[in-house]
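So the sequence lines, in the order shown, correspond to chains A and B.
Numbered per the UniProt record's numbering, the first sequence finishes at 345, counting up by one with no gaps.
Numbered per the UniProt record's numbering, the second sequence finishes at 358, counting up by one with no gaps.
Simulated from the structure, these hints should not be mistaken for lab results.
Do not take every clue at face value.
Residues from chain B that keep clear of chain A, each with C-beta distances beyond 10 Å, as calculated [unchecked claim]:
| # | residue |
| --- | --- |
| 1 | Phe-22 |
| 2 | Pro-23 |
| 3 | His-130 |
| 4 | Ala-199 |
| 5 | Lys-211 |
| 6 | His-221 |
| 7 | Arg-227 |
| 8 | Pro-269 |
| 9 | Ala-274 |
| 10 | Leu-282 |
| 11 | Val-319 |
| 12 | Pro-321 |
| 13 | Ala-332 |
Which bits of chain A does chain B cover? Going by a derived footprint, with three or more residues having C-beta under 8 Å, they are [what the hints assert, rightly or not]:
| # | segment |
| --- | --- |
| 14 | 169-175 |
| 15 | 195-204 |
| 16 | 260-274 |
We put the beta carbon where it would ideally sit given N, CA and C, even for glycine.
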Amino acid sequence: MLNGDAPVLDVRDLKTVFRTRGGEVHAVNSVSFHLRPGELLGVVGESGSGKSVTMMSLIGLLPSPPAEVRGGQVMFGGRDILKASAGELRRLRGREIGFIFQDPMTSLNPVFTVGFQIMEPLRKHMGMRPEAARVRAAELLDLVGIPDARKRLKDFPHQFSGGMRQRVMIAMALACDPKVLIADEPTTALDVTIQAQILELVKDLRKKLGMAIVWITHDLGVIAGIADRVMVMYGGQVVEQAPVRALFADPRHPYTRALLQTVPSVRGERAPKLKVIEGQPPLLGAHPTACPFRFRCDKAHDRCGRENPQRRVVGAPGHDVACHWDPDGAGLAAAGLTSEGVVNG
Amino acid sequence: MADPARATTEPLVQVRDLKMHFPVSRGLLGRKTGAIKAVDGVSFDIMPRETLGMVGESGCGKSTTGRAVLRLYDITGGSIRINGTEIGQMSQSALRKHRPTMQMVFQDPQACLNPRMTLAGLIGEPLDEHTGWSRARKLERIYELMDAVGLNRNFANRYPHEFSGGQRQRIGIARALALNPSFIVCDEPIAALDVSIQAQVVNLLEELQEKLGLTYLFISHDLSMVRHIATRVAVMYLGKVVEIAPREALYADPLHPYTQALLSSVPDPDPETAQQVRRIILKGDVPSPANPPQGCNFCTRCPAVMPVCREIEPETREVAPGRFVACHLHDASVPTSIPTGGPTPGGASTTNQQGGSS
Chain A
1 MLNGDAPVLD VRDLKTVFRT RGGEVHAVNS VSFHLRPGEL LGVVGESGSG
51 KSVTMMSLIG LLPSPPAEVR GGQVMFGGRD ILKASAGELR RLRGREIGFI
101 FQDPMTSLNP VFTVGFQIME PLRKHMGMRP EAARVRAAEL LDLVGIPDAR
151 KRLKDFPHQF SGGMRQRVMI AMALACDPKV LIADEPTTAL DVTIQAQILE
201 LVKDLRKKLG MAIVWITHDL GVIAGIADRV MVMYGGQVVE QAPVRALFAD
251 PRHPYTRALL QTVPSVRGER APKLKVIEGQ PPLLGAHPTA CPFRFRCDKA
301 HDRCGRENPQ RRVVGAPGHD VACHWDPDGA GLAAAGLTSE GVVNG
Chain B
1 MADPARATTE PLVQVRDLKM HFPVSRGLLG RKTGAIKAVD GVSFDIMPRE
51 TLGMVGESGC GKSTTGRAVL RLYDITGGSI RINGTEIGQM SQSALRKHRP
101 TMQMVFQDPQ ACLNPRMTLA GLIGEPLDEH TGWSRARKLE RIYELMDAVG
151 LNRNFANRYP HEFSGGQRQR IGIARALALN PSFIVCDEPI AALDVSIQAQ
201 VVNLLEELQE KLGLTYLFIS HDLSMVRHIA TRVAVMYLGK VVEIAPREAL
251 YADPLHPYTQ ALLSSVPDPD PETAQQVRRI ILKGDVPSPA NPPQGCNFCT
301 RCPAVMPVCR EIEPETREVA PGRFVACHLH DASVPTSIPT GGPTPGGAST
351 TNQQGGSS
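If we strip away everything but chain A, and leave its shape as in the complex, we get:
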């Protein structure tokens, strides 16, 4: 750790494997990252890059079998929660670590009122009596900007629009005042004008409540607007990590560079032709002994097939990349052997 602030969440070398009939799938391969208090860490990647599985495995939300967390350490609140029992994890989830999922329609139970569902964590985790919980639930709905909060507690999920349902999900996640909030593609299912409302709400809530947030998305635009730091994932690995401005101004990994160029913008100049990343995202069947991006990479070299690059510090403080190629120097950098050393977390 370079900075003084002790992280609230510190993940080291997390490995998750899915056992399937076709063999093992290495969904998360030695992922390390940390989250400082009050910080918003953006996690970017395409489907299958391992971004959701990483977050699910660190709080034990993956069904086992087929999933198996094979190694690593997740330090939260002074202990390794990978070693925690199922009961301890249950107390942690919802109370200390809150969640928001992508699709609010499938994560809310259609047969219970919204009020009941927000009150549930308050009663289970905080031991509140129904009256107190109801008052708190109304406060929470009010906090996330749902008008007429007290009355709407009696409504069922289908009586809310998509954006309002996502607000309800946020209220539920915030109910026990968690230290860490994990948001998995929370605005992907929403329209842009509604997405803009939710992003404003999250910015506002961060100012008021100051929790640390992990925000998973495939949308670079969303990340650019809200994140402090960004982690780019590809093929189950972290390929680059940097403060948000550094990542967009000076991307070091060939994948990040290509990704930033394939995304058109509604502002600024219009590119006459879209840049393309050829090929398909990788299947994670083979053991990860080589760089997962090598088949689509225009900088690939035989070394990339022999050796999976380690993350190493580049450029600005807090910026690291897992790639043999060095955009500053010619050819390949001596990965892991530079004076700055190998990064972990």
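We have chain A; now place chain B onto it with these hints.
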């Protein structure tokens, strides 16, 4: 509403006052108790070899418009002329003869490909239906199409599940191209694909357009992709087109308050720009198309709403060459300035900045 009568060419597609209402029925006897006005009086032209982008949020009727234009529905009203033929009220059997010229690429390539048919069978299906060609000739055409969309010929006997999302969308495009159409409706063709694959499909669509002289109606909620591919853009809100303009003009200087809000809401993939953009955050949600508000459909969320907006529905008018907008702010005959008492702002590009409702 009419697009400019461009002297040079006739439009390939001419849609006038298109209406598609779905009945709402209640009770055991299925009495009709109302209608969802999914598309309510939409007009536009598409010139040959041009791409008209159609944007809007979910439920605004953009997909229904695309399907109605191809007569996948029996439309409630209006006229559709494709290549000079009026197909608005044509019977489905008579339409069959015209189907080869107008095709569709669907959003979800997984759902629109029969999992029990091989790739050759899928791409050849339109040929079986509409041509009396020999097997050899059909196979030759199938290979030609696979080359055109970038699918390896060796894949001809494989099944859809063996392909990735991007490749499946290529199969969907090959199917649409099989009969040499001139007009293709692309309904959210990239929405289900990963970011790095989207660019591949969009570039393929552009290449094919150039090579084969295709005309597209490109329906999407992705404003930045539409900016990339479209020549002109139509913005829909609650079953109506609120603005049509050439791409550059629309993105540089949107006239309708909804277009302005929509564009300002799109997150920018650049932290510097993201901080500078002045966002217009719309309040509330889109009203139900079963019960649209009186007056302008956007009056319940419009940041520049005026009393007249709640009374009278704005007409679409051409405020600059090629730029059409349906808003009282851009109508000189409506006294927009009553609340402030000043003179009526003239000119099309003036945006009235009255905040909130009066």
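Original post:
Does B:Pro-269 really sit off the interface, with its C-beta more than 10 Å from all C-beta atoms of chain A?
Top reply: For B:Pro-269, whose nearest Cβ neighbour in chain A is about 4 Å away, the distance does not exceed 10 Å, so it is violated.
Subject >> Distance rule for B:Pro-321, whose beta carbon must clear each one in chain A by more than 10 Å >> reply: The claim holds: B:Pro-321 sits with its nearest Cβ about 21 Å from chain A, beyond 10 Å.
Subject >> Least C-beta distance from B:Lys-211 to chain A larger than 10 Å >> reply: holds (15 Å)
Original post:
Are three or more residues of the segment 169-175 of chain A within 8 Å, CB to CB, of chain B?
Top reply: Check failed, 0 qualifying residues.
**OP:** Run the C-beta distances from B:Val-319 to all of chain A and say if the shortest one exceeds 10 Å.
**Re:** holds (21 Å)
**OP:** Check whether three or more residues of the segment 260-274 of chain A sit with their beta carbon closer than 8 Å to a beta carbon of chain B.
**Re:** That given contact holds, which follows from 12 residues of the segment 260-274 of chain A lying within Cβ reach (below 8 Å) of chain B.
Subject >> Check on B:Leu-282 being off the interface with chain A, judged by Cβ distance over 10 Å >> reply: Contrary to the label, B:Leu-282 does not stay out of reach of chain A, its closest Cβ about 5 Å off (not over 10 Å).
Original post:
Regarding the assertion that B:Ala-274 does not contact chain A, is the least Cβ-Cβ distance greater than 10 Å?
Top reply: violated (4 Å)
Original post:
Would you say B:Pro-23 is clear of chain A, with no C-beta pair closer than or equal to 10 Å?
Top reply: The assertion about B:Pro-23 holds, with a minimum of 22 Å to chain A.
Subject >> 8 Å C-beta criterion, at least three residues: is the segment 195-204 of chain A covered by chain B >> reply: Per the Cβ count (5), the hint holds.
Subject >> Closest CB of chain A to the CB of B:Arg-227 still more than 10 Å away >> reply: With a cut-off of 10 Å, B:Arg-227 comes too close to chain A, as the shortest Cβ separation is near 6 Å.
**OP:** Just double-check B:Ala-199 for me: nearest Cβ-Cβ distance to chain A has to come out over 10 Å.
**Re:** violated (4 Å)
When each numbered hint is compared with the structure, violations occur for hints 4, 6, 7, 8, 9, 10 and 14.
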